Every structure is written in C-alpha cells, then in structure tokens.
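Peer 1: Using the sequences provided together with the hints, build the complete structure.
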Amino acid sequence: MVASDREVVRGPEQVKWIQFAPYFAVATILVVLPLFLSSYTQGVMTRFLVFALFSAGYNLVFGYLGLPSLGHAAYFGAGGYAVAVLKLHYGTDLFWLGVPLGILTATLIAALFGLIALRVSGLYFLLVTFALGQLLFSVAWNVKWLNSPGMQGIAGLSFPSFGIPGLTVNSTSYYYLVLLITAFCILALHRIVCSPFGHALVGIREGEDRMRALGYNTWLYKYIAFIISGAFSGVAGVLFAYYNYMIDPNHLGVGTSFLPMCMAIIGGMGTLLGPVLGAAVIISVELVASIVTPDRWPLILGGIFVLTIMFARQGIGVYLVELSKRAGYPYGSTKG
Amino acid sequence: MKKIGLALLVVGLLVSLGLVSPTQKSFAAEPIKIGAILNYTGPAAMLGPLFKNGIVMALEEYNSQIAGRPLELIVEDAAGSPNVCLEKARKLVERDKVKIIIGPLMGDAQLALGPYLANKGVLATGLYCAMFELTKYQNWLIYPTTALGLTLPLGWYAADKGHKTMVMIIADYAGGHAFMKGVRTGFEEKGGKVVQEVLVPVGTADFGPYISNLKNADCVAFFVPNTGDSSRLVTQYKEFGVKMPLYGTTLAADLPEHVMKELGDKVVGLQGQALYIWSLDNPVNKKWVKAMEKRFGKTPGGLANNSYCITSSILAGLKATGGDETFSKLWPAVLKVKMDTPQGPLAYTKEGVALANGYIVEAKRINGRYSWDPIKVYPAVRDPRLK
Amino acid sequence: MENLVINLLNGLSYGMVLFLIASGMSIVMGAMNIINLSHGVLYMIGGYVGWTVAVKLGAPFALGLLAGGLAAGLVGLMLERGFLRFLYKQPNEQVLLSFGFVYILSNLSLWVWGGWPRMPFTAKFLSGSFEILGRAYPKARFATIVFGLVLAGILWWLQDRTRVGAMVRAGMDNKEITMGLGINLERLFAIVFFVASFIAGLAGVIGAQLLGVYNALGLEILLLALIVIIVGGVGSIQGALLGGILIGLVDAFGKALFPRFAMFTMYFTMIIVLLLKPRGLFGRKV
Numbered sequence: 001m002v003a004s005d006r007e008v009v010r011g012p013e014q015v016k017w018i019q020f021a022p023y024f025a026v027a028t029i030l031v032v033l034p035l036f037l038s039s040y041t042q043g044v045m046t047r048f049l050v051f052a053l054f055s056a057g058y059n060l061v062f063g064y065l066g067l068p069s070l071g072h073a074a075y076f077g078a079g080g081y082a083v084a085v086l087k088l089h090y091g092t093d094l095f096w097l098g099v100p101l102g103i104l105t106a107t108l109i110a111a112l113f114g115l116i117a118l119r120v121s122g123l124y125f126l127l128v129t130f131a132l133g134q135l136l137f138s139v140a141w142n143v144k145w146l147n148s149p150g151m152q153g154i155a156g157l158s159f160p161s162f163g164i165p166g167l168t169v170n171s172t173s174y175y176y177l178v179l180l181i182t183a184f185c186i187l188a189l190h191r192i193v194c195s196p197f198g199h200a201l202v203g204i205r206e207g208e209d210r211m212r213a214l215g216y217n218t219w220l221y222k223y224i225a226f227i228i229s230g231a232f233s234g235v236a237g238v239l240f241a242y243y244n245y246m247i248d249p250n251h252l253g254v255g256t257s258f259l260p261m262c263m264a265i266i267g268g269m270g271t272l273l274g275p276v277l278g279a280a281v282i283i284s285v286e287l288v289a290s291i292v293t294p295d296r297w298p299l300i301l302g303g304i305f306v307l308t309i310m311f312a313r314q315g316i317g318v319y320l321v322e323l324s325k326r327a328g329y330p331y332g333s334t335k336g
Numbered sequence: 001m002k003k004i005g006l007a008l009l010v011v012g013l014l015v016s017l018g019l020v021s022p023t024q025k026s027f028a029a030e031p032i033k034i035g036a037i038l039n040y041t042g043p044a045a046m047l048g049p050l051f052k053n054g055i056v057m058a059l060e061e062y063n064s065q066i067a068g069r070p071l072e073l074i075v076e077d078a079a080g081s082p083n084v085c086l087e088k089a090r091k092l093v094e095r096d097k098v099k100i101i102i103g104p105l106m107g108d109a110q111l112a113l114g115p116y117l118a119n120k121g122v123l124a125t126g127l128y129c130a131m132f133e134l135t136k137y138q139n140w141l142i143y144p145t146t147a148l149g150l151t152l153p154l155g156w157y158a159a160d161k162g163h164k165t166m167v168m169i170i171a172d173y174a175g176g177h178a179f180m181k182g183v184r185t186g187f188e189e190k191g192g193k194v195v196q197e198v199l200v201p202v203g204t205a206d207f208g209p210y211i212s213n214l215k216n217a218d219c220v221a222f223f224v225p226n227t228g229d230s231s232r233l234v235t236q237y238k239e240f241g242v243k244m245p246l247y248g249t250t251l252a253a254d255l256p257e258h259v260m261k262e263l264g265d266k267v268v269g270l271q272g273q274a275l276y277i278w279s280l281d282n283p284v285n286k287k288w289v290k291a292m293e294k295r296f297g298k299t300p301g302g303l304a305n306n307s308y309c310i311t312s313s314i315l316a317g318l319k320a321t322g323g324d325e326t327f328s329k330l331w332p333a334v335l336k337v338k339m340d341t342p343q344g345p346l347a348y349t350k351e352g353v354a355l356a357n358g359y360i361v362e363a364k365r366i367n368g369r370y371s372w373d374p375i376k377v378y379p380a381v382r383d384p385r386l387k
Numbered sequence: 001m002e003n004l005v006i007n008l009l010n011g012l013s014y015g016m017v018l019f020l021i022a023s024g025m026s027i028v029m030g031a032m033n034i035i036n037l038s039h040g041v042l043y044m045i046g047g048y049v050g051w052t053v054a055v056k057l058g059a060p061f062a063l064g065l066l067a068g069g070l071a072a073g074l075v076g077l078m079l080e081r082g083f084l085r086f087l088y089k090q091p092n093e094q095v096l097l098s099f100g101f102v103y104i105l106s107n108l109s110l111w112v113w114g115g116w117p118r119m120p121f122t123a124k125f126l127s128g129s130f131e132i133l134g135r136a137y138p139k140a141r142f143a144t145i146v147f148g149l150v151l152a153g154i155l156w157w158l159q160d161r162t163r164v165g166a167m168v169r170a171g172m173d174n175k176e177i178t179m180g181l182g183i184n185l186e187r188l189f190a191i192v193f194f195v196a197s198f199i200a201g202l203a204g205v206i207g208a209q210l211l212g213v214y215n216a217l218g219l220e221i222l223l224l225a226l227i228v229i230i231v232g233g234v235g236s237i238q239g240a241l242l243g244g245i246l247i248g249l250v251d252a253f254g255k256a257l258f259p260r261f262a263m264f265t266m267y268f269t270m271i272i273v274l275l276l277k278p279r280g281l282f283g284r285k286v
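Chains as they are written, first to last, in this note's numbering: chain A, 1 to 336; chain B, 1 to 387; chain C, 1 to 286.
There is no bait here: all hints are sound.
Partner residues aside, some chain C positions facing chain B, computed with beta carbon under 8 Å:
1. L110
2. M119
3. A136
4. G212
5. Y214
6. E220
So these bits of chain C aren't anywhere near chain A, every CB distance computed over 12 Å:
7. A59
8. L66
9. W113
10. K124
11. S127
12. W156
13. L185
14. L246
These are calculated hints, taken from the structure and not from any lab test. The model shown is predicted, which means the values in this text are computed figures rather than measured ones. All C-beta atoms, glycine included, are put in the ideal place defined by N, C-alpha and C.
Peer 2: The following block contains the structure:
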C-alpha cells in the first residue's frame with residue numbers, strides 16, 4: 001500500500017504545524033500528565049508502556065517478517081522470571097543485574113526456540129511457537145525452584161533498586177524509567193526496520209524465493225530477527241515483573257502470547273507504531289470494561305475484536321490515518 | 001518514519017480522561033469503603049454472586065452505615081487469576097483508597113497479594129480458609145480456619161471409624177497440599193497411616209488412569225478444587241467400581257444440593273468434611289436462613305455463610321472503633337469480636353485465625369431431596385501450628 | 001496385565017474424545033486455510049445444548065447428541081457466512097476474529113447456562129460398568145471408543161472415497177484450478193465448515209460423558225485440539241485420529257507411571273514429534 005505520495009493542497013506551514021501537533025500532544029500526555037495522576041493511574045500507564053514495547057518487539061517477527069508467532073510470551077515471561085528468581089533465591093532486586101540477566105535469558109531461549117520454529121512457516125510456525133511456549137509454561141509450573149513456597153509463580157517482587165544510596169524508586173519514577181527505556185527501544189526498532197536489514201525482512205515476507213535468488217541467506221535474516229524480537233520481549237518482561245510484583249506460569253503461556261498479536265492486529269501490523277496504539281486500545285478497554293461491568297467485560301472486549309476486523313481490517317491506526325487523509329489532513333502513511 | 005500520531009492522540013486522551021481519578025473531598029460522612037474481589041468470570045464464575053449475597057446481607061443488617069458513615073461496597077472480578085487479583089487489589093487500594101478487602105478465594109492469589117497488602121496496611125481476608133503462611137503478615141483475617149485446620153476433623157473422623165491405612169488424592173497445587181496435610185495430620189495423630197499420595201493436576205478431565213492405579217487401603221480421601229473436578233472424580237470413582245470407602249473435603253461447598261440432584265444416587269452415602277449446611281440446628285442459623293431466603297429467594301450455602309460471617313465480624317469491629325477503619329485501630333478490634341454465627345460460635349486467635357466448628361457430613365436422600373446431613377461436630381478446631 | 005489393559009482402554013477412550021475435538025478444526029485448517037480458535041467454544045455449546053435436551057428435558061441421549069451437533073453446526077455456519085468468509089487467506093484476521101468470538105460466546109453461555117458445571121451424563125443403557133479381567137470398567141467409555149472409531153471411518157470414507165471429499169482435497173491443493181472446473185467453492189466451504197462445527201458439537205456431547213460441561217471448556221478444549229493437530233498434522237482425518245490416540249495414550253500412561261509430571265508429558269510428546277517431524281505425523285504442506 002503506497003498512499004503517502006498523495007498531493008496535499010495546503011500551505012506548507014499549515015501542514016507542518018498540523019503534522020507535528022499530534023506528536024506534541026502525545027508527548028505531553030506521556031511526559032507531563034502522569035505527574036498529576038494517582039499512583040494507580042501511573043501504574044496503568046506503566047502497564048501500557050510495557051505492553052507497547054512487548055508488542056512492538058513482537059511485531060518485528062509478526063508484521064515485518066510475516067511469521068505469526070503464538071509463543072512470544074516465552075521470552076517475555078523468561079525475562080520476568082529472571083528478575084523474579086533473582087529476588088526469590090538471591091534476595092536482590094538490583095536493576096543492573098536484573099536487566100542484563102533478563103535480556104540474556106530471553107535471548108538464549110529465543111535463539112534455541114528459533115532453531116526449532118524456523119524450520120517451518122505460516123500456520124505451522126504458529127503451531128510450533130505455541131507448543132514451545134506451552135512447554136515453558138509446564139516447566140515453570142512443575143519445577144519447584146521456579147515457584148514461591150506455597151503457590152504457583154513468584155510473588156513479593158518490588159520496584160528495582162539501583163544500588164545508589166538515598167535513591168528509592170516509587171511508582172512515578174518507575175513510570176519515567178519505563179517511559180525512557182520504551183522510547184529508547186522503539187527508536188532502536190525504528191532504526192532496525194529502516195535499515196537495509198529491515199527492508200530485507202519485508203522482502204522476505206513478500207517473496208522469500210526471490211530474496212534467496214538475490215543471494216540473501218534468508219534463514220539467517222529470519223533467525224536474527226527472531227532473536228532480536230525475543231530480546232525486546234525480554235526487556236518488556238523484565239520491566240513488567242518489577243511493575244507487577246509477581247510473575248506466574250501464565251505469563252509464559254498462550255494467554256499472554258495472544259496479547260501482542262491482538263495488539264499488533266488491532267493497531268495495524270505493518271507499522272511500527274500500530275502495536276503501540278493497539279496496546280493503548282486493549283489496555284484501556286480491558287480496564288474500563290472490567291470497571292463498568294465486572295461480569296460482562298469479555299463481551300465488550302470480544303466485540304471490539306470483531307468490529308475491528310469487520311470494519312477496520314488494516315488496524316485502527318491505519319484506519320484513522322486513512323480517515324485523516326480523506327479529510328485532507330494526512331498524518332502518515334501505511335507502510336506495506 | 002511517518003507515524004500514526006492522530007490515532008495515538010485520540011486514544012491517549014481517552015485513556016487519560018478515563019483514568020483521572022475523581023478528586024474526593026473529605027466530608028464528615030465520608031463513606032467507609034469495602035473492597036471485594038470475587039469470581040465473576042473464569043472457572044469459578046458461579047461463586048461471585050453467592051459470596052456477594054452474604055456480604056450484602058451483613059451490610060444491610062447495619063442499614064449500610066456505621067457511626068453515621070455510609071458503608072460502600074466495591075466489587076471487582078477476580079477472573080480466576082492471581083495476577084488479575086493483584087491488579088484489582090492495587091486498583092482498590094490506590095484508586096478507591098479502601099482499607100478493607102474481602103477475598104480473593106484462591107490460595108495462590110492470597111499469597112500473591114500478601115506482601116502488597118501487608119505493606120499498604122489493608123485489612124485482608126480470604127473467603128474460604130487461607131494458607132497458614134499468611135499469618136506472618138498479621139493483617140489477614142482467616143475464616144473459618146487455616147486450610148490445614150479445615151480438614152483436620154476428617155483425619156480424626158476416618159481414624160475414629162477404625163481405618164488404619166489411607167490413600168490420598170490431592171490436587172497438585174499449594175491449596176490442595178495444604179488441605180490434605182490437614183487430613184494426614186489428623187489421621188496420623190490418631191494412629192493412622194497414609195500409604196499413597198496421588199497428585200492430580202487442577203482441572204483434570206479424566207481421573208480414570210488415577211483411579212485405575214490406586215493402591216489398596218482401608219479408605220480413600222480426596223481434595224480436588226471446584227464443582228467440576230469434584231463431581232468428575234466422584235462420578236468416575238463410582239463408575240470404576242472401587243470398593244474402598246471415599247471421603248471428601250469441602251463437600252457442601254463443592255457439591256451443593258442442586259449439583260447433588262444432578263449427580264443422583266451416585267453421591268448418596270459419600271461422607272466427608274463440610275463447613276456449613278443450611279439445616280444446622282441453632283436459632284441464629286434458622287433466623288439467618290429465613291432472612292436470606294426472603295432477601296435473595298434461595299436457600300444459602302456455605303459460601304454465603306463465609307462471606308456473611310467475615311463481613312459481620314469486620315462490621316462488629318468497625319462499630320467498636322466508632323467507624324474508624326484505620327488498620328491499627330480496626331485490626332485489634334476485630335480480633336476481640338466474639339459472636340454466634342449461623343455456622344456456630346466464632347472467635348479469633350491473636351494471629352487472626354478464626355476458631356469455628358468443623359462438621360462431618362453424609363450425603364442422604366430423604367423424600368426425594370438430596371442433602372448433606374451433619375453427622376458429627378468438632379468444636380473450635382485449631383491449627384496445631386498456632387500458639 | 002489387567003492394569004495394562006485398563007490403562008490402554010483409558011487412553012483410547014480419552015484419545016477418541018481428543019480425535020473428535022481436533023478432527024473438525026484440522027479439516028477446516030487444511031481444506032479452507034481457516035484458523036478457527038472458537039472451535040473449543042463450539043464444542044462447549046454442543047455439550048450445553050446436549051445437556052439441556054438429554055438431561056433437563058429428559059429426551060433420549062441420541063436426541064441430545066443430535067441437538068448438540070446441530071446447535072454447534074448452526075453457530076459455526078453463522079460464523080462462516082457472517083464473518084469468516086470475508087477473511088479467506090487472511091490468517092491473522094481470522095485469529096483475532098475467532099478469538100473475539102471465544103470471549104463473546106463464552107460469556108453468552110455464562111449468561112444462558114450460568115457458571116455451575118454440568119455433571120457428566122450419558123444414555124441410560126450406557127450408565128454403570130461391566131467386568132473386564134475382574135475389574136469394573138465404565139460402559140460409557142467403551143461406547144466412546146466405538147463411536148469415535150465409527151465416526152473416524154465415516155469421515156475417512158467421505159474424505160478419500162466420495163466426490164465431496166475429492167473436491168475438498170482438490171480445493172486444498174489448488175483453489176484456482178478447482179474453481180476453474182466449475183466447482184462452487186463458496187458452497188462447498190460452507191458445507192465443510194458446517195460439518196466441522198457439527199462434529200465439534202457431537203464431540204461436546206460425547207465428551208460430556210467423561211468431562212461434563214463447564215464454562216472454561218472453550219479454551220481448555222482449544223489447547224487440546226491444537227496439541228492433537230500439532231502431533232497429527234494439519235488437514236487429515238488420519239492425522240487427527242493418530243494424534244488423538246497417541247496423546248490419549250501418553251496421557252493415560254503418563255498419569256499411571258509418572259503422576260508427578262502429568263501435565264508435562266503431553267507437552268513433552270508434542271515437542272518430540274515436532275523435532276522429528278515439524279509438520280506433524282501426517283502433515284500436508286500448507
């Protein structure tokens with residue numbers, strides 16, 4: 001879909017102003033607003049950022065490479081479990097230890113699982129990644145070392161410490177930490193998808209045989225993208241564990257794997273920021289619906305899924321962009 | 001990179017608008033907020049409304065106010081997941097500023113909430129026992145007793161019946177182990193011996209393979225969670241024609257009368273531990289059952305009794321503090337509460353664990369109506385680990 | 001010896017239920033390239049309707065079986081005609097849409113049937129047990145094995161020996177050419193989807209003899225179906241049958257021999273099969 005070259009009949013200054021307005025507003029909301037919000041709301045926004053990062057990282061494989069993974073919770077949860085095990089068995093919540101260990105764990109598992117999953121593609125890829133995720137789930141459930149005494153999962157986590165005397169982290173400072181890391185990661189992802197490597201991934205999605213004929217080692221490209229995506233999921237998992245105070249086997253299983261997929265599809269999977277938008281939609285719908293009607297929220301959430309697919313199949317983000325274009329205010333393009 | 005800025009803007013605005021907490025000014029009659037985390041979706045979805053009925057009844061007995069302050073109940077869905085419970089607890093504490101939370105049901109979820117609620121100084125309660133481990137936080141009201149205390153009487157009872165050896169079927173999660181440890185403790189106290197422990201996953205569809213491979217013993221005792229697992233186990237045990245007598249735990253809650261009716265004669269003769277039965281013969285209970293039938297149009301069971309007794313003791317404590325729900329005032333006041341409940345006399349130890357009756361019941365069919373009949377009472381059961 | 005036989009029977013009967021669960025989903029995946037995650041919910045609806053007819057209304061079990069199948073079939077047909085037919089060749093959209101229906105249909109069932117689980121039920125003449133090698137064995141489980149085998153036979157025959165089967169297989173291999181031959185693929189797909197959903201509903205009633213019916217079934221059954229499909233391979237009756245029996249046996253013997261790792265054994269088997277044959281034992285290339 002190349003729709004970005006459409007002529008715009010407006011003065012250049014005007015367009016410029018309008019084009020920057022949304023970013024400015026979003027930045028204001030994300031940076032300034034939380035200062036005035038309760039710790040609970042800051043928590044919800046932290047949660048949104050974590051899942052935005054998770055699904056943006058996931059989308060490298062799903063949207064750009066076109067491989068439907070139903071097992072990314074494995075890397076997300078692995079990052080979280082690394083932090084949780086550090087706390088449970090070694091009594092430390094040191095940020096400088098948790099983050100590298102979490103990323104390392106997630107990356108190693110992604111590297112191992114990638115070898116198995118990338119032997120197939122399409123529907124089978126979905127099934128194989130699902131199976132691998134469920135395997136980790138059952139391991140986490142059954143291995144005593146990975147559970148707090150008396151329960152499934154590990155509880156009693158807290159915000160990270162930095163080993164700097166006098167510096168304690170609360171929900172506000174943790175929010176800004178997560179904002180910083182998420183922004184950094186999304187920028188990094190931006191660099192990746194705009195690089196020749198990123199273009200090669202899209203090329204592989206559109207025609208793997210052609211790319212192979214051009215001399216690309218397509219398997220290696222896919223494998224590297226899979227590992228990178230797993231690493232970003234791991235970062236999200238680490239940040240999640242600190243925020244969430246607990247981690248349990250379900251964070252490795254199919255229920256959690258669904259989330260980034262749904263977010264990417266709802267927001268617009270061919271784009272970098274689509275999944276971010278999808279995360280905002282799902283987190284807020286889940287929250288509002290379960291407050292409004294504790295026993296009927298699944299109807300609302302399911303309804304949103306169905307409506308999105310039937311009326312905004314490209315994803316809500318892309319749909320809004322198209323809408324803005326029709327109205328004469330082009331806010332971006334819908335990259336292939 | 002071109003972006004989907006507008007969309008982000010719109011959604012961001014919506015999110016932030018929806019989330020900004022309404023600022024609350026403190027008035028003289030500021031409500032006392034009570035949070036409840038109950039199951040409305042997920043595997044135990046049917047239990048939420050039952051628990052809520054008990055809470056509502058207790059609140060209404062006080063005309064929903066104490067010392068001029070209205071009582072406000074905020075109900076959240078536990079969705080059967082510890083993680084969701086923790087999220088909801090954070091919402092209740094940080095957004096709604098509650099100081100009292102009733103629920104959640106599952107032991108896993110309670111342990112997940114434990115450190116957080118202790119840290120925030122919230123009076124917490126289970127709904128149906130709780131793990132002994134929670135007593136260390138000194139803010140959990142555990143009713144009717146710990147998981148181990150609840151099933152202790154069944155161990156005693158089996159030994160009293162003259163059984164020497166026992167096979168145990170245990171749902172393989174923390175709560176399951178705790179419940180069956182109670183049976184084992186009681187049984188061994190009186191000289192019995194457990195010869196086999198069969199661990200089954202939660203939500204086991206087919207118990208056939210387990211039932212086909214039980215060792216020989218004088219009796220079999222089980223704990224599996226929920227109506228679904230219990231009824232499948234009871235049905236399949238009968239189908240495979242095992243001759244050893246079967247003893248259950250948490251029977252009246254997992255297999256209430258309408259479920260017994262559907263199970264039919266398969267269930268008749270089954271004995272085991274239960275917490276409460278509507279037919280208990282004491283004046284408080286008779287009055288309460290009538291009131292509940294009038295208010296909600298159906299006979300109450302053990303779950304409504306639990307949430308009613310828990311809420312009542314908290315409200316009695318609130319009355320003693322003159323409507324002050326600050327944890328440091330409320331907690332000692334609640335521990336001093338002594339009352340006659342539908343279930344029997346109720347008091348608390350200094351750890352916050354209730355001392356209440358333990359009942360042994362038998363499934364009977366009388367005039368075509370299936371019901372649990374109390375056949376033995378063990379008064380004021382106490383977990384031996386308590387001081 | 002009798003332990004071995006009993007465990008074998010346990011594995012077979014559970015395996016047959018698994019086969020019934022997975023076969024419909026597998027065919028739809030293979031023949032139409034549609035991932036229908038609401039398959040487990042269709043199973044659940046079949047079970048609930050079967051219960052309503054056979055237990056609540058007291059009709060014969062066979063009627064409950066038929067009603068369960070029809071109910072699930074009709075809901076499935078509605079999904080296909082109303083939604084999924086616009087989404088051919090769009091697997092991601094199918095995933096999200098059908099997952100949305102998992103939420104919606106589960107919650108609606110909660111509304112209609114409430115949260116209390118329904119007890120296992122069966123036909124009058126199948127209740128009770130009979131002696132085998134000196135041990136009691138439930139009749140209903142035997143019936144399940146027989147029913148599963150018969151249905152597998154019918155489906156196999158439909159797939160390999162009839163015109164409809166030939167058309168479906170042709171559609172699987174090359175859609176354009178099949179349409180070029182003047183075959184009405186739209187109608188064919190609607191029929192296939194209906195049949196697959198119908199089998200899910202039947203499975204719901206058959207399975208209810210062992211499991212009863214409850215609201216969380218939608219997702220539990222979906223996971224089981226995916227496992228069987230992964231082991232057996234997408235798109236063939238043989239695959240679903242072999243996968244179902246293999247997983248059923250692994251489950252039964254796993255519970256008997258290594259009860260501590262009951263949950264693990266099933267996933268472990270799945271991974272072993274994947275390592276040896278990434279497309280499952282009978283997988284076609286999709």
